[in-house]
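Engineer: Spelled out from the first residue to the last, the chains are:
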Amino acid sequence: MNHTPTAATASNGADFNPQQAAALLDQTTAYARRQFEPNPPWLLVTRAGLALDAYGALWLSVRGQHPYAHPTAAVIPVGVGVGVANVIATMTLAKRASAGISGRRRLRPAEIAIMAAVWSAVFVAIWPMAVAGVSDRIVYGLYPATAPLIIAGLAWAAIMAARADWRACGSGLAAAAVGAAAWLAGPAGAWAVIGIGVAVLLLVHAAEVSLRHRA
Amino acid sequence: MTTAVTSEELDPLIHVPTRLKIVATLAALPDGDTLSFTRLQNMIGLTPGNLIIHLRKLEEAGYLARAKTTNGTTQTTTVALTARGRTALAAYRRALRDLLGEL
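For the protein sequence lines, the chains are A and B, in the order given.
Each residue of the first sequence is one higher than the one before, counting from 2 in our numbering.
Each residue of the second sequence is one higher than the one before, counting from 149 in our numbering.
These are computed hints drawn from the structure, not numbers from a lab.
Keep in mind that the hints are not guaranteed to be accurate.
[Claimed, not checked] Covered stretches of chain A (in silico footprint by chain B; criterion: 3 or more residues with CB under 8 Å from a CB of chain B, positions within the stretch not fixed):
hint	region
1	19-28
2	32-42
[What the hints assert, rightly or not] The following label-pair restraints were derived from C-beta to C-beta distances:
hint	chain 1	residue 1	chain 2	residue 2	range
3	A	82	B	178	31 to 39 Å
4	B	179	A	212	52 to 60 Å
5	A	171	B	214	33 to 41 Å
Using N, Cα and C, we set each Cβ at its ideal position, and we do this for glycine too.
Produce the complete structure using the sequences and hints provided.
Structural biologist: Written as C-alpha cells, this is what we have:
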C-alpha cells in the first residue's frame with residue numbers, strides 16, 4: 002500500500018510548525034501528482050528511445066532501396082512489437098493512475114471508441130490501397146509512416162479541443178505536424194523524420210511533466 | 149514564538165498534518181475531478197473511521213464535497229475539493245510562504 006510522505010506526523014496542529022507544514026505540503030503534492038500522472042517522465046523517455054530504435058530500424062531497412070519497395074520482413078515485427086508494447090504500457094499506467102478518479106479527466110466511452118476506430122481505420126486502409134494498385138512509395142512508405150501521426154494526431158487534437166484541454170490538443174497537433182513534415186522527406190526519409198520527431202516530442206513532454214510536478 | 153505566529157496566520161482547519169495531506173492530495177487533481185474514498189484512504193494511509201472524521205470537518209467548512217454513487221450493488225463514495233477549499237489551500241500556501249520568509 003502506498004502512502005503519502007510523513008515528514009511531519011503530529012496528530013494535530015499544536016506541534017506542527019510552519020517548516021514541517023511546508024515540507025509536508027510539498028512532499029504530499031509531489032507524491033499525489035506522481036500517483037495521478039498517466040505519463041510519467043521515465044515512461045516517456047523510454048518511449049522516445051523505443052521510437053528511435055523502431056523507426057530507425059525501419060529507415061535502415063529501406064534507405065538503400067532504389068526504387069523504394071518496402072521495409073524488410075525482419076524489421077516489421079520490431080515495429081509491431083514496439084507499437085503493441087507501447088499500447089499495453091500506456092493503458093496499464095493510465096488505468097493505474099486514474100483508478101478511483103472520475104470526472105473530466107477520464108476519457109468518455111465515445112472518445113475511446115473514436116480513437117480506436119481512427120487507429121484501426123488508418124491501418125486497415127493499407128489493404129484496399131495495395132489492392133487498388135497504389136504505388137509502393139505510398140502504400141509501404143509514406144502512408145504507414147505518416148498517416149498514423151497525422152490522422153490520429155488530428156483526431157486527438159479535436160477531441161481535446163472539445164474538452165478545452167489545450168495542452169493535450171497541442172500535443173495532437175504537434176504529432177500531426179511531425180507526420181506532415183515526414184511526408185515531405187519521401188518514403189525512406191519519412192521513417193527517419195518520424196523517429197526523430199516522435200522522440201523529440203516525447204522528450205519535450207517528459208521535461209514538461211517533470212517541470213509541472215516540481216512547480 | 150513560531151507557534152503563536154502559526155495559530156494566528158494559518159487556517160486551523162488545514163494546519164493539521166492529516167487534513168493538510170487530504171487537501172494537498174485532492175488539490176493535485178484537476179478542478180472538477182473526484183477521487184474515490186478508497187483510493188484517498190490508500191494514499192493517505194488512514195483507517196476509514198479516522199479519514200471520515202477529517203473529511204467531515206473539511207466538509208462542514210465547505211472545503212470539500214462528498215457524493216455517493218451506486219453502480220448496481222456497489223456504492224462508491226467520492227470526494228473533491230470545492231472552489232472554496234482550493235482558495236483556502238492557496239491562502240494557506242501564501243501564509244506559509246510569508247511566515248517562512250519572516251522566520
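Engineer: Against each hint, give a clear statement of whether it holds in the structure.
Structural biologist: Hint check results:
With a threshold of 8 Å between beta carbons, the proposed coverage of the region 19-28 of chain A by chain B holds, since 7 of its residues qualify and at least three are required. With 5 residues carrying a beta carbon less than 8 Å from a beta carbon of chain B, the region 32-42 of chain A meets the three-residue requirement, and the given coverage holds. Checked against the hint of 31 to 39 Å, the C-beta distance between residue 82/A and residue 178/B comes to roughly 34 Å, which is consistent with it. In this structure the supplied range 52 to 60 Å is violated for residue 179/B paired with residue 212/A, their Cβ-Cβ distance being about 20 Å.
Remark: the range hint 33 to 41 Å for residue 171/A to residue 214/B is upheld by a beta-carbon distance near 35 Å.
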